[in-house]
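Colleague: From these two lone chains plus the hints, build me the complex, please.
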Amino acid sequence: MDKRQALAFLHDMLLGRRFEERCAEEYMKGNIAGFLHLYPGEEAVAVGVIHACETSDYIVSTYREHVHALVRGVPAGEVMAELFGKRGGCSRGMGGSMHLFDPQRRFMGGYAIVGETYPVAIGLGYGIAMKDLPEAVICFFGDGAVNQGTFHESLNMAALWKLPVLFVCENNQYAIGTEIHRHSAVPEVYKRAAAYRIPAERVDGMDVLEVHRATEHALQQIRAGSGPQLLECLTYRFRGHSMADPGHYRPPVEVKAHQQTDPLELALRELSLVYPTPEQIAAAGPDALLKLRQYCFDQGHLHEEGFEELERQVQDEVEAAVQFALEAPEPTLDDAWQALYCNRRGEILI
Amino acid sequence: MAEEVLIWQALNRALDELMAADEDVFILGEDVGLYGGSYRVTEGLYAKYGEWRVRDTPISEDSFTGLGVGAALMGLRPVVEIMTVNFALLALDAIINMAAKVPFMSGGRLPMGLTIRTPGGVAKQLAAQHSQRLEHTLMNVPGLRIVVPATPQDAYWQLKQAVLSDEPVIVLEHELLYFHKGPLDPTAPPPPPHRAVVRRPGRDLTLVAYSKMAVLAGQAAERLAEQGIEAEVIDLRSLSPIDWQTCVDSVARTHRVLIVEEDCRFAGAGAEIAADLTERCFTQLEAAPMRLAGLDMPTPYNGTLEAQTIPQVDDIVAAAHRLVKEAS
Ligand SMILES: Cc1ncc(C[n+]2csc(CCOP(=O)(O)OP(=O)(O)O)c2C)c(N)n1
Numbered sequence: 001m002d003k004r005q006a007l008a009f010l011h012d013m014l015l016g017r018r019f020e021e022r023c024a025e026e027y028m029k030g031n032i033a034g035f036l037h038l039y040p041g042e043e044a045v046a047v048g049v050i051h052a053c054e055t056s057d058y059i060v061s062t063y064r065e066h067v068h069a070l071v072r073g074v075p076a077g078e079v080m081a082e083l084f085g086k087r088g089g090c091s092r093g094m095g096g097s098m099h100l101f102d103p104q105r106r107f108m109g110g111y112a113i114v115g116e117t118y119p120v121a122i123g124l125g126y127g128i129a130m131k132d133l134p135e136a137v138i139c140f141f142g143d144g145a146v147n148q149g150t151f152h153e154s155l156n157m158a159a160l161w162k163l164p165v166l167f168v169c170e171n172n173q174y175a176i177g178t179e180i181h182r183h184s185a186v187p188e189v190y191k192r193a194a195a196y197r198i199p200a201e202r203v204d205g206m207d208v209l210e211v212h213r214a215t216e217h218a219l220q221q222i223r224a225g226s227g228p229q230l231l232e233c234l235t236y237r238f239r240g241h242s243m244a245d246p247g248h249y250r251p252p253v254e255v256k257a258h259q260q261t262d263p264l265e266l267a268l269r270e271l272s273l274v275y276p277t278p279e280q281i282a283a284a285g286p287d288a289l290l291k292l293r294q295y296c297f298d299q300g301h302l303h304e305e306g307f308e309e310l311e312r313q314v315q316d317e318v319e320a321a322v323q324f325a326l327e328a329p330e331p332t333l334d335d336a337w338q339a340l341y342c343n344r345r346g347e348i349l350i
Numbered sequence: 001m002a003e004e005v006l007i008w009q010a011l012n013r014a015l016d017e018l019m020a021a022d023e024d025v026f027i028l029g030e031d032v033g034l035y036g037g038s039y040r041v042t043e044g045l046y047a048k049y050g051e052w053r054v055r056d057t058p059i060s061e062d063s064f065t066g067l068g069v070g071a072a073l074m075g076l077r078p079v080v081e082i083m084t085v086n087f088a089l090l091a092l093d094a095i096i097n098m099a100a101k102v103p104f105m106s107g108g109r110l111p112m113g114l115t116i117r118t119p120g121g122v123a124k125q126l127a128a129q130h131s132q133r134l135e136h137t138l139m140n141v142p143g144l145r146i147v148v149p150a151t152p153q154d155a156y157w158q159l160k161q162a163v164l165s166d167e168p169v170i171v172l173e174h175e176l177l178y179f180h181k182g183p184l185d186p187t188a189p190p191p192p193p194h195r196a197v198v199r200r201p202g203r204d205l206t207l208v209a210y211s212k213m214a215v216l217a218g219q220a221a222e223r224l225a226e227q228g229i230e231a232e233v234i235d236l237r238s239l240s241p242i243d244w245q246t247c248v249d250s251v252a253r254t255h256r257v258l259i260v261e262e263d264c265r266f267a268g269a270g271a272e273i274a275a276d277l278t279e280r281c282f283t284q285l286e287a288a289p290m291r292l293a294g295l296d297m298p299t300p301y302n303g304t305l306e307a308q309t310i311p312q313v314d315d316i317v318a319a320a321h322r323l324v325k326e327a328s
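Chains Z and G are the protein sequences, given in the same order.
UniProt numbering puts the first residue of the first sequence at 1, with every later residue one more than the last.
UniProt numbering puts the first residue of the second sequence at 1, with every later residue one more than the last.
Only chain G is shown next, with the shape it has when bound in the complex (with noise of 0.2 Å):
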């Protein structure tokens, strides 16, 4: 039975039913135990687990994030939370060279159950040190999962699954979704952690999106409605893998595709899907693939300047408009 949670609430729920099940799961990061964590993603938490399984650690990301990378190699699943994706530059290390790496340069011989937590994103005039996403660096790096989750539903699904592989996962969370709600059903089988899903179905464009933008397209495929124009809108889910058969199917239906993303438009997450979307359909497309993506250029402390440097639901439905337009 489903009933509305938000996201952060959907999270720190399917964290206690993955330590209630395996005492082999255990959380570290900053301030995620006494605190409660910065986002209360692990609420309550430390009091029912103890500190060895729910550990405040110092701020030392690079060697906490390789301490989870030790724990998983001995068959722990150790879930990691970095406070925000732009603290998880300075794990990088322990992410890209040991995480990924390693249960390959061992001929396939090591598990690596990490499961690496980390908010992201615009959030609000937090300035250009903590308003980044990192999705185009992680995506260039073979043998990691990025999860995208965009609702409590999918947050639940994807976080268990992470921790349950064998894989190493990053969950890329967006920090101004932590209290979006929506239905959640414990009990509902989940889909494949990668797959792609069409949120709302339309015959005359296909919004590609992820994340909080998603949620944006989703709100802008209302009001393209209002005007004549029916928009496919898929949430990707997944960035790594990607579910292409999904955009694949409903570009055959729609003959063209936009592609929202708050990042960085330069060699980004939006440019990677164009390229592959275009080398898969392009008999079917009738306008080359369209990119709405975040302004190249680091997030400005000021609130209006940061606005404009994303993209908004009133950019989305002028990008949909002159895309039609282009193609008919």
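Chain Z with its partners taken away, still in its complex shape (with noise of 0.2 Å):
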């Protein structure tokens, strides 16, 4: 891992959450309504495991994709404008918060009825099987959403005909309000694709570079033309379900536990100037970890004024973003048939 590509997760982590906390606050004054369903607490997923990937491979997603869609590439302003309803938005403002797309850069969209993911995911899938393509497919979805029948039905096929996906759990331990011993009889996701015969991992989803380790490690089976992979990243959603949603069904202590283990304060201090002990080396593990770490010490990469100019940045780009999306024009009805007939080639049926 060299220089620029730590400082590019670091960028996207921090992006991801500043872009996030403002949300919360344009939803407190009415610019983004609806479902609203943030991300904090899950950045190291959504940079690890894109961050492995080619531009070439397609990535499916949920209702909670903002922050996929920005380490994506999408532009901040255009998904902001889209959570503004406005024309300007990736989705046109047909589509919302829970309905980012951008085929351009192949992200595929956030679904919002669970389960839908999987179906989306093989389908593409298939076509780069079909066609002997060198990409892959991503696809997220949450621990809830394993126990919906499409998930045992699409990795069926998916192994049975060895198609490019990989499967990536975000694992935060909660279907909305219930937790996930009360809604699995396997709490332990990455197990269940042994059923299938399909190779899984479960990796700590606080740490961005064992994601990112991890996804590298599978896509390189997947495009080896060895058929699907599943990843379960452990990690936890700091806020509630939604903004409907205060979350008051987990014990503050849990709560606190998991914001101890913050998956941007753990990015920060692999980049920190603190000499770690050997000990600390040690049960770092990973190479990747390492080489970065020791990498960041010898060059001095990051250096507390090197992070406070990060962070001004991105908050510069948020602050872009916003302005972008109060600034787009709004869509007009008839954007909304043009959207809806968009494959009619202009033909005018009555």
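None of these hints come from the bench; they were simulated from the model.
All C-beta atoms, glycine included, are put in the ideal place defined by N, C-alpha and C.
Worth double-checking, as some hints may not be accurate.
Label pairs and their in silico Cβ distance ranges [claimed, not checked]: (1) G:D315 - Z:V186: 45 to 53 Å; (2) Z:G73 - G:A271: 56 to 64 Å; (3) G:E51 - Z:L160: 33 to 41 Å; (4) Z:Q221 - G:A20: 51 to 59 Å.
Modeller: Below is the structure:
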């Protein structure tokens, strides 16, 4: 991992965090409406996974997808404008928070019906396999979503036909208010893949380097033609399920405990100048992490001012996104009809 | 004695009384237990009746609705909450192929005391996958009852009647009505669950509506009255079966009918009502029945556009004027 990449990780995690915090503010102001599911706490997953992808890989996501879109490179202004329901939004104001689409960047959508992402992903995977392309599909889903029938049906087909799909479970341990032990007979999601002989791994989803390493490895296997893989990232959402949900069902000690492992803090620690003890280095384990740490020390990549500078930069980006969204025009009903009949090639049917 | 309550409270009270009276009544659905239900309808019931009778389910709509079918076959009275009607699409096999068919396929030998409660409708900027009603889909299925309460009293009555009956009943609730207030008299004797009511008498035209549109039709009628047009407002209360007699009697008085629905116009409930009333009252009508419905478009996220896709009070008033003018 080089400096550019290390700092890119940090930038994207920070952007994800600040963007979402700003979304909460804009929701309170009434600029964003509807269901708004925020991502703080889970940034290491989006960043670790998507940075391991090629731009030609496809991404399929859920309703908690703003940060997936940002990391994928969908301009922050277009994401924010979509949340504002504006024509300049990536779904032209028709989709909103839960339905971000950017076909150009192969961001194939946010889906709001739990369990829909798998069939869409295997469809894309089928096309890739049929044409024998070197691409892959990333399919995001939550822990609550593994109890939907489509999970089992899609994993079976993916394994049967060796489809190039990486299933990524963002296990934040809750399906709205129901804790995983109360909704899953097998709370270790990765073990479920065994039923379909899909190789699976569980990683610390609060550690961006570990997520990145695991994703790279899985994608390598997929590109080598071995069929689907599953990655379970253990993570935690710091907020409630959505802006409509304060999340009171979670014991405060639990929330506090998870905040101690804030992925941003962890990432920053990796990049800090404090020299680690040999024990810490040994405990840190993965190569990439050691390399990054060592590299940062040797090069002095990041110091206090450098980080402050990065924060300012991200803050400006988010500010610009909000400005763009505020100034973007409203869509018209004609825009809506055009969106509905976008594939009619102008044919008018009465 | 009537007291003022919100619709969710009326539903909650009905469930509480049903569960207290009969141990065979149980509730299942996502987040209905510890969390108390997304719209608070099951609040407090988990603490009172325990997890076997108020069961938090995994996100597995088709299977837990099917579980309700199985339980009903042995005479239990399951009340399945499908968090919103949009997710009921995943349970259509259990609802249409099982709940509606098994009693029939068994030659009438099996009860189906299954109640499915599910909120729907266009709420506030929830976008296309979270803003729809499916009455058109369900109405076309023989063997299902569909009730669409618009007041706390009806919500209370109809939920109780649903759970006590041996038929599968879908209670289609409206997300924007849960916090509507109205009188509830738990001791008042209920009319049959499918009986339509005339909410307001009038002589110039009949407004036929249901659920949230019945509330809007009432508001439109008041506006029309100030403008010298007396609209009779019918709240259907049930979409399967439909109480045609109440509609026919009204048309005999007013000779004009405007049907208001929130769902898409094409092949919707309004189409059925218009066609049927035309057959039944052709000679009484001074104009073809008129339909006011949602646009044939998925619900856009943008708030301004969203409002433009469904009938508003102003639209009902304008359509009523058109119909009255056309017919005179
Ligand atoms: C089929 C379906 N059922 C129910 C819902 C309502 N719902 C939205 S999110 C959610 C919980 C999903 O939890 P999980 O998959 O763990 O994802 P997370 O929100 O934790 O990221 C539920 C029940 C839905 N959107 N779709």
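Colleague: None of the hints should be skipped; say for each whether it holds.
Modeller: Structure-based check of all given hints:
Between D315 (chain G) and V186 (chain Z), the C-beta spacing of about 52 Å keeps the proposed range 45 to 53 Å intact. Under the hint 56 to 64 Å, the C-beta atoms of G73 (chain Z) and A271 (chain G), about 46 Å apart, miss the expected range. Distance hint check for E51 (chain G) and L160 (chain Z): the Cβ-Cβ separation is about 37 Å, which falls inside the suggested range of 33 to 41 Å. Take Q221 (chain Z) and A20 (chain G): their Cβ atoms lie about 57 Å apart, and the range 51 to 59 Å holds.
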